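Chemist: Model the placement of chain B on the given structure of chain A, informed by the hints.
Chains as they are written, first to last, in the numbering used here: chain A, 2 to 369; chain B, 2 to 369.
FYI, nobody ran anything at the bench for these hints, they're computed from the structure.
These figures come from a predicted structure and were not determined experimentally.
One or more hints might be untrue.
The list cannot tell twin chains apart, which means a pair is met if one copy fits it or any two copies do.
Think about it this way: if two alpha-carbon atoms lie no more than 27 Å apart in a straight line, the pair counts; the simulated DSS-like pairs of lysine-lysine are [claimed, not checked]:
hint	residue 1	residue 2
1	Lys293	Lys130
2	Lys159	Lys240
3	Lys107	Lys222
4	Lys293	Lys323
5	Lys176	Lys222
6	Lys107	Lys43
7	Lys293	Lys159
2 protein chains.
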Amino acid sequence: MFEFEIEAVDPESGARNGRFHTPHGLIPTPVFAPVGTAATVKALRPSDLHELGATLILSNTYHLYLRPGDELIRDLGGLHTFMGWDGPILTDSGGFQVFSLSDSRKIDAQGVTFQSHLDGSYHRFTPEKSIAIQENLGADIIMAFDECPPPHDYDYVKESLARTHSWLERCLAAKTRTDQALFSIVQGGIFADLREASARFMIDLDLPGYAIGGLAVGETKAEMLATLEILEPVLPQDKPRYLMGVGSPEDVVSGVLRGVDMFDCVLPTRIARNGSAFIAGGRINLRNAQFKQDRNPLMADCNCYTCRHFSRAYIRHLVTAKEILAHILLTIHNVHFLIDLMGQIRQTISDGRFSQFAVQYLSNYAIT
Amino acid sequence: MFEFEIEAVDPESGARNGRFHTPHGLIPTPVFAPVGTAATVKALRPSDLHELGATLILSNTYHLYLRPGDELIRDLGGLHTFMGWDGPILTDSGGFQVFSLSDSRKIDAQGVTFQSHLDGSYHRFTPEKSIAIQENLGADIIMAFDECPPPHDYDYVKESLARTHSWLERCLAAKTRTDQALFSIVQGGIFADLREASARFMIDLDLPGYAIGGLAVGETKAEMLATLEILEPVLPQDKPRYLMGVGSPEDVVSGVLRGVDMFDCVLPTRIARNGSAFIAGGRINLRNAQFKQDRNPLMADCNCYTCRHFSRAYIRHLVTAKEILAHILLTIHNVHFLIDLMGQIRQTISDGRFSQFAVQYLSNYAIT
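For reference, chain A alone in the conformation it holds in the complex (with noise of 0.2 Å):
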């Protein structure tokens, strides 16, 4: 169980092909996992995950804990039987989500008291608590409970670290389940000797896989992709390693150039409830009038059940009149565009040209 194999590696770049064992099934990566917070990715059920290739997906400690609660959830056969979606969870730790209610949260040695974002009710999270939620929801791969600091404040940042990892070792002598895999979370902001020294500290722990965290979260672009390049050379070859809360789909191609594996973001969903959807090169939002009596579908050669059946005219009218089917159809669309860019991306490794591929993909980007 949670063996991870390397099938391909791309000749000009740290990208790789691999597959990662886990109890619900197999994940090839490089993967995208569609997140579903509640339990639910939003607009989609899991017979639509399932057609659009969906190969693992990610459901939030936070709000599983709050609503409909973890006990609740694993009194009913664990999340995966709970929602109805028998391929590989991923949970993260919770950490994350209770750090953004900045205003409503205490930081100590021992953990992290909050208030619920629902009613205001008072919590505490440690890394033992998160441990146990997470393995009352029963994913097959779980987080550590980290700190995620602000990036640029060094001092700061290395204290945090030292936090992060003393809840590390505290979530691993937590554990009892051995059908979950835990990965670490590197933190370290944007500075290399700290991401370094968090790297080294987690391989000596040989953890089935390591998370990048701490980024996407204000840094600038060429810092998150230095970060990147920073850690591709030290972390261990033969491990996952997954960029949190990463992307859009340049990001995503920037990620596999740099040796990341897996990703996971609410983009696609969330711009989808917006009304925008991914096209080559960029996005469109439907509710500019431009498409009032465009025929066109969202995208030309995309065979997903949305623009093999509906026109950008009808999308548009559907997000005016603030239709339900408007979600649903901008999310089958954009899910199927980043599944679909990792299809293109593992079939280009496996093929020897990937580098070329990510050169002309980012380069459709910086035009638009």
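Modeler: Structure of chain B alone, referenced to chain A:
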């Protein structure tokens, strides 16, 4: 085209099985049409409607005229193409919606002037305009522009009936397309003499189908059923009869008993959005705390997608968290419930045991 074949007649009631032929396919009757007000049956895709066995859907002239506009839909290939539904469609005349805008419309002999509920702008519907819009939309079955009067005011209903009849003649004169069946709408409130006079006037025009309008608008259930009983022997056997805006499972069974062939109603989709599901003999609302840990499907022995995959506890969680999937799963179940009921009705009619079935079915509703 628009042939109506009677296939079986229940020996003890007015119930019959039929087949109504339209340019977009055959409609087995009795049929229930889900409502797609704004060119979408809320929360469902056309592929869902096919999988659920829908053979007719209704869309609203008033709404589509205002947004996105009937001329736009015509330019984009008509309503079937626009919404990606290749089965039969029925459009109402806009009359009922316009008359429902009680504070912002004015009736005269020629038509109705009204204000849009979207932006307060002024518009005018006449019989000719309603037909022109419906020809632009291109449904298989279109409805005459009529007035739906308050059902208990004899003098007003009588005066209104003259208007409805003269408008029907104008609709027939205005109609140019031969690939659309124009149904008239029998009015007359709760008054037997007016209902019969209205039916006879319309029968003389030899239309392809007759709707029964002005019911489910404030009269009692007994008055509604009595009106159906007045019309059952008057309306021709060889034409479909359509009870507009009905209904609930029990009203559908009661209607079929009295010779009705076609129904439409927003009920299954609307109660889904309120968190409710049809079950045998009644409804449940998933907001109710009693379902918090309920592992059962919405309804025992239901084979819809929702009931095959999800518990009441999960759907309650989705309702509570205001997730789009709640609307989707409840809508699938509720539309399945009514379409499955129509299948049971047709089966028991063809088996010669519909009256027994209806008595049994309605007794379940009386008990709860």
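Chemist: Each of the hints needs a verdict: does it hold here or not?
Modeler: Against the structure, the hints come out as follows:
1. Lys293 to Lys130: So lysine 293 and lysine 130 pass the 27 Å test across copies only (23 Å; inside, 51 Å).
2. Lys159 to Lys240: Within one copy only: 25 Å inside, 82 Å across.
3. Lys107 to Lys222: neither (29 Å within a copy, 61 Å between copies)
4. Lys293 to Lys323: within (15 Å within a copy, 30 Å between copies)
5. Lys176 to Lys222: neither (35 Å within a copy, 62 Å between copies)
6. Lys107 to Lys43: Answer is neither; intra-copy 30 Å and inter-copy 44 Å both fail.
7. Lys293 to Lys159: Classified as neither; 53 Å inside a copy, 44 Å across copies.
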